[in-house]
Amino acid sequence: MPLHLAESGWSLFVLTLFNALTEGSTFALIAVGYTMVYGIVRLINFAHGEVYMVGAVTAWWLFVTPQVPLWLALLLAMGVCAALGWSLDRLAYRPLRNSTRLAALITAIGMSLILQTVVQLVISPNFQSFPETTRATVKDAGIAARAAPDPAAAEVGELRIGAEVPVWPGERPTDGWVPIGWTRAGETEPALAWAPGASLEVKQGLPAAVNADLLGGARIKLPLKDVLIWIAAAVMMTGLHLLVQRTRLGKAMRACALDRTTAALMGIDVNRVIAATFMIGSAMAAVAGVLYSVKVGGNISFRMGYYPGVIAFAAAVLGGIGDLKGALLGGMLLGFAKAFFATYVRSEYDFAFCFSVMILVIIFRPYGLLGRPSAVRA
Amino acid sequence: MGALLTLDGVEAGYGAMQVLKGVSIEVQEGEIVALIGANGAGKTTTLNVISNVVPVRAGRVRWREELSSGGSIVDTVRRGIIHVPEGRRLFADMTVLENLEMGAFLRHDPPGVRSDIERMFALFPRLQERQEQRAGSLSGGEQQMLAIARGLMAHPRLLLLDEPSLGLAPIISQQIFRTVRELNQTQGVTVLIVEQNAHAALGLAHRAYVMETGCITMSGPAAELRDDPRVKAAYLGE
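Chains A and B supply the protein sequences, listed in that same order. Going letter by letter, the first sequence gives residues 1 to 378 in the numbering used here. Going letter by letter, the second sequence gives residues 1 to 238 in the numbering used here.
Quick caveat, the hints were computed from the structure, so don't treat them as lab data. Because the structure is a prediction, the values reported are computed rather than measured. Just so you know, not all the hints are guaranteed correct.
As the list claims (entries may be wrong) - Some chain A residues close to chain B (C-beta under 10 Å, calculated; not the full set): (1) R94; (2) R97; (3) R254; (4) A257; (5) D259; (6) T262; (7) G267; (8) I268.
Unchecked claim - Label-pair restraints from in silico Cβ distances: (9) S139(B) <-> R248(A): 21 to 31 Å; (10) K221(A) <-> S139(B): 51 to 61 Å; (11) I106(A) <-> Q185(B): 49 to 59 Å; (12) Q185(B) <-> I231(A): 41 to 51 Å; (13) H241(A) <-> Q196(B): 41 to 51 Å.
No residue lacks a Cβ here, since even glycine has one placed at the ideal position from N, Cα and C.
Pulled out of the complex, with its shape left as it was, chain A reads as follows (with noise of 0.2 Å):
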């Protein structure tokens, strides 16, 4: 819903500058894994959008269904997609490695749509969301400890004061009237039922908004959670700057993505930087998919690596396809552009307009914004 300048003045402007922030740490983030393959496979890894959605169903499974901690879940959900890289890799790309880039390319649109499938069939095609909490403890347990809300129910044991409770993905309990966990008879897993008259403690994930003195002595309300993916996106790009400069395995990618053959003739094993490559950008993209989705909440399905994956795309070809700082530029513009459109324009167009700016840049700048013509052969 477009929203107008006047009506809102200056919070709506930093609202709306948090969240070019975020959706720029995002497209950053994931437009990373494209330009790393890019560079080394010259391989538009399309699939790489689905990389993004299986990291972030992964944290929302672990911290719903084990109900592992949010950082534990963004660990193990990095390491799934690496090893989903790595196997995206070895199974469908490298026995294509010396075949036509179109068939590599078809083939990723094709692991693209194997993955969506894969997704859908094992969460349901709903859409999922990140609960704020798992468990909540009971401070009065209301009507509900006095009358079960259902007539089978054999004991409400569950709602003594004190007691907790599992609380839904997706219901953000309020006093008086809270959705709390009561058990069945013969079944030891509290149900959902809601009880009113009762209220929760809720355990806090994560607290909305941190306090930040800026410069001048004036406050700030910082959101947490995006604050936290901007750490993230800044560590990451940070460290990713590093590993390729510094360490052996950077200097092999770099080599690799400059000339692969003379590459293995220095004894460098292509295909185990080329696997390295995947595994880092999917860890790196899982790390998106998680952050964003605990900030949006909500949103979890099959479907939702397509537009990330497309814009974060559209984000490395504007920076300059194969250069890391090409991707944190031209996710970042992106990200402004999404933001400051959907804010001030129109928001059901912000995907459109992002397009729009890729499409002007590129006509002035046909190797992006930071590309060079490669005197690698194509």
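Since the structure of chain A is provided, determine the placement of chain B on it from the hints.
The following block gives chain B in isolation, referenced to the frame of chain A:
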């Protein structure tokens, strides 16, 4: 003792094009062997087959009597077969120093690698001055020096040099050839060199093979080939 490297009736090509039609050559330890011939005779393909860049279609390549064709490029590097490809093929966006480090990729002795880098700088002082520059910004002669130095960083047992004088001023080429001879004499590096400049190659090598359209047509001690009237007419312009 058998030869260091043996090619035995090797056939190879690209797509429908057959380039090598049964090439047999031998390189003994400690030798400089030259492979001369016209453009398109298959000299570069021969080197590519030795380093497994191009697979053999028939025949075989043996390294110290052991089959080496059919493996990977990295396998040949592990054996000590170091290929300095035609056109230098430096990592243009990496620095001179990084290119030298890449040459030592399979070595796990950082102190040894560092002292070898110093050795390369002593051998090619120009590279030391430019160690932090992009390799792509070097002149042609400096690039060729870097390509050879990068190859030497791997401690080659056999150095495959493809057209090291291509595009270089005569004085620079001479310097490169002199360096190759020194490396051979002082460090015992075995060299198989492909050259269009037959005169220089025959002056440098102990033995040579003459190649024409995918076949070896003549071979023998370099000094003899230099005096052969057919070689003189075809390759030495006399």
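> Taking each numbered hint in turn, which are not upheld by the structure, reported in ascending numerical order?
Replying inline: 1, 2 and 12
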